[in-house]
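Undergrad: If you want the building blocks of each chain, they are given just below.
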Amino acid sequence: MLTGNYAAAHGARLARVEVVPVYPITPQTHIMEKMAAFIENGELDAEFVPVESEHSAMAVAIAAQATGARTFTASSSQGLVYMHENLFVASGLRLPVVMAMVNRTIGPPTTICPDLSDSLDQRDTGWIQIYTESAQEAHDMIIQAYRIGEDERVLLPVAICFEGMIISHYMEPVEILDQQKVDLFLPPYRPEHVILDPDRPMSVHQLILDDSYFTEYRYQQQVAMEAAKGVIQEVDETFGEAFGRRYGGLISTEKMEDAEVALLTLGSMASTTRAVVNQLRKDEGIPIGLVKLRAFRPFPDLELRESLSNLKAVAVLERDVSIGAGGTVYIELAHCLNKRHDSPLLTNYIMGLGGRDVTFEEIKDIALNLFEERDAEVVANPVRWYQVRGL
Amino acid sequence: MRNLADTLSKEEIFGSGHALCPGCPGGMIFRWITKSLGKDSILSMGATCLGLPTNVYPSAVEIPCIYIAMAPAPAAVSGISAAIKVFKRKGRIRPDRKINVFAVSGDGSSGDIGLACLSGAAERNDDGIYFCFDNEAYMNTGIQRSGLTPQFSWTTSTLKGKAEKKKDLPRIMAAHDIPYVATVSVGYPEDFIGKIEKARDMEPGFKYFHIHAPCPTGWRFPESKTVEVARLAVETGFWTLYEVDHGSTRITYQPSKLRPVMDYLQLQGRFEGLSDENIRELQRGIDERWEHQSL
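Chains as they are written, first to last, in our numbering: chain A, 1 to 391; chain B, 1 to 295.
Treat each hint with caution, since some may be false.
As the list claims (entries may be wrong) - Derived list of chain A stretches under chain B, where covered just means 3 residues or more per stretch with a C-beta under 8 Å from a C-beta of chain B:
id	segment
1	14-24
2	61-68
3	81-92
4	120-127
5	143-153
Said to hold, decoys possible - Mimicking EDC-like on lysine to aspartate or glutamate, the simulated pairs with C-alpha atoms at most 20 Å apart in a straight line are:
id	chain 1	residue 1	chain 2	residue 2
6	B	LYS85	A	ASP365
7	B	LYS35	A	ASP199
8	B	LYS166	B	GLU62
9	B	LYS85	A	GLU377
10	A	LYS255	A	GLU175
What the hints assert, rightly or not - Estimated spans, in silico, between C-beta atoms of each pair:
id	chain 1	residue 1	chain 2	residue 2	range
11	B	ALA5	A	GLU43	52 to 60 Å
12	A	PHE360	B	ARG92	21 to 29 Å
13	A	TYR170	B	GLU203	41 to 49 Å
14	B	SER119	A	ILE331	39 to 47 Å
15	B	GLN144	A	PHE214	20 to 28 Å
16	A	SER212	B	ARG92	33 to 41 Å
17	B	GLU277	A	GLN221	54 to 62 Å
18	B	SER157	A	GLU43	13 to 21 Å
19	A	PHE360	B	ILE172	20 to 28 Å
20	B	SER224	A	ILE208	27 to 35 Å
Think of the hints as simulated: they come from the structure by calculation, not from any bench. No residue lacks a Cβ here, since even glycine has one placed at the ideal position from N, Cα and C.
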């Protein structure tokens, strides 16, 4: 039995990370403590750098990774926002740093409970983001993250996201992978591109005073992000062969073959949503399916279009909001589905903010409403603040 | 006196052609640092005018160099030296190989936006030499006041002169109890280079250098007078050359008699607006320090 935090820390240990700079913040702190203990006990040959801020945590990770070391860090909420500037640098320098982003709401009001607005706020930084719904998935994905990020076709940093408290603190049965098997799955990190080595001097991250190559530089990051789509799928398959668990890569779908409507969500809400879908199928015969978004960056536009295009209606359930627009995932999904004329009716439920519990009954209510309005031409209010008290 | 031409390495790590202003002491300083530390070095560049010779495409230095952002040059030292430490344990680098990790950053990036980061690296005593290139204002953005701008100085954000005193960063760094802290000046190369060599040959740990770097553009003096201004700062007691070597403080250059501070101020346009009372106040401060032989 392990918490999500400990499961993630064991993943990093098995990946044989070499430099671990972390600054404490709830709900991530157990990861930091566990990594410090692994290193102090001699279970992991690495340097622990107890930095004075998250901004420096990412800077240390960038510099160590650029020197050729495999690095790992973790953060949450305000801390993640504080390191925001350096996230662009890790990606721009094509350094496959891996971070556990343990989701926690950004204040005010300050709360230590989860929503996804902290990691989703990092969407434009050029990091791969994968959302997980269990401690086991977090454990497995930390290991996969190195294989994905370090792939020559990708070379991008990777964030494995899971909700604080709900996943970070609750205990679940977790299979800790075998070190020898992980070593076969994940070879040592030996970078060929960016490297700070006196025998091979190079200047990394320069100032350009003209328009000589900036656009092409960014474009290469985009190409790498596109390539990551295939690599995430490949690594999911290879991991499945080695360890017997597959997660579906960019998205995972359930009961979608004959579905007329679907609920799309990510993170821990997928578990409750799955239970609702199963019950509605079984007891009420409603043709409803579940789409769990795993990769948010790269955004799986083709896969989502393929799964959702022929449906009558889709509701996006998410623990986040881009104030003034709607749920971040909904906005992106609308953008990708509207490329086709036969798009399903799309609605968005903002819920679970600040860690508010999302119940089976609530999701069931949403699902029934979705089925009810599946044939509507348009809806007046696609973005719905579902849990606002007093409305 | 030591003949630098004979003892300093002939190897040029900082190549010709750079984007520094005419008269900037950065070119000289960067050559002294890189020649003293040699090619088996890794440079963490912060936000500073000294980034211009190394980090403007397509110019480069012949040692590996990384820039992350304005504040975190000290954290990059920590990251690089942590990686080297692991590699030595794992046999990826020979354990006896000495790679000099060093950082260069400015007064604003070291003492204002990056102060927590600098303090963190020093408190952890991570291995590296940190050089603060103090030209006493945000010069790359066009002469705005920093916490290290001296009192009464004109900048583009203190048009009537800065009201507050200069933040004493080297003493803040000495309070971290790191192996070595030194103040240096472009006017005293023997003192400067001797201190770099001393820090280079010490045990692993965090060493801090504070470089007094007169800026013709920002301080408004003729570009031919950089070294003269630097020397007058020391000869008037406006700037003191000292070191704190494992806790023991020593003034490394003592003028036999202090010249009046006016000799230093009058060369610079940034002090043009000073009243007689301002000048007397500055002189009083220097005299008191001198009398008590304090820093």
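Undergrad: For every hint, state whether the structure bears it out.
TA: Here's how the hints hold up against the structure:
Figure legend: the segment 14-24 of chain A, annotated as covered by chain B; annotation consistent (3 residues with Cβ-Cβ distances under 8 Å, at least 3 required). A count of 8 residues in the segment 61-68 of chain A with a Cβ less than 8 Å from any Cβ of chain B is obtained; the coverage claim is therefore met, three being the minimum. Counting residues of the segment 81-92 of chain A whose CB lies closer than 8 Å to any CB of chain B gives 3, so the stated coverage by that chain holds, three being the minimum. Here the segment 120-127 of chain A counts 0 residues with a CB under 8 Å from a CB of chain B, which misses the bar of 3, and the coverage is violated.
Residues of the segment 143-153 of chain A with a Cβ under 8 Å from some Cβ of chain B number 0, which does not satisfy the need for three, so the listed coverage is violated. Only pairs whose Cα atoms come within 20 Å are accepted, and B:LYS85 paired with A:ASP365 is rejected, the gap being roughly 57 Å. The straight-line distance between the Cα atoms of B:LYS35 and A:ASP199 is roughly 17 Å, inside the 20 Å bound, and the hint therefore holds. Between B:LYS166 and B:GLU62, the direct Cα distance comes to roughly 35 Å. Violation of the 20 Å bound is thereby established for this hinted pair.
Between B:LYS85 and A:GLU377 the CA atoms are separated by roughly 64 Å; this puts the pair beyond 20 Å, and the hint is violated. A C-alpha spacing of about 27 Å is found between A:LYS255 and A:GLU175, which places the hinted pair above 20 Å, so the restraint is violated. Distance hint check: the CB atoms of B:ALA5 and A:GLU43 are about 54 Å apart, consistent with the given range 52 to 60 Å. The supplied range of 21 to 29 Å is broken by A:PHE360 and B:ARG92, whose beta-carbon atoms lie about 53 Å from each other.
The beta-carbon spacing between A:TYR170 and B:GLU203, approximately 47 Å, falls within the hinted interval of 41 to 49 Å. Checked against the hint of 39 to 47 Å, the pair B:SER119 and A:ILE331 passes, with Cβ atoms roughly 41 Å apart. A beta carbon spacing of about 26 Å between B:GLN144 and A:PHE214 agrees with the range 20 to 28 Å that was offered as a hint. Between A:SER212 and B:ARG92 the C-beta distance comes to about 35 Å, which sits within the given range of 33 to 41 Å.
A C-beta distance of roughly 58 Å is found between B:GLU277 and A:GLN221, which places it inside the suggested range of 54 to 62 Å. The given range of 13 to 21 Å is broken by B:SER157 and A:GLU43, whose C-beta atoms sit roughly 52 Å from each other. Here the CB-CB span from A:PHE360 to B:ILE172 is close to 57 Å, at odds with the stated 20 to 28 Å. Between B:SER224 and A:ILE208 the beta carbons are some 32 Å apart, a value that agrees with the proposed interval 27 to 35 Å.
Checked against the numbered hints listed earlier, the structure breaks hints 4, 5, 6, 8, 9, 10, 12, 18 and 19; every other hint is satisfied.
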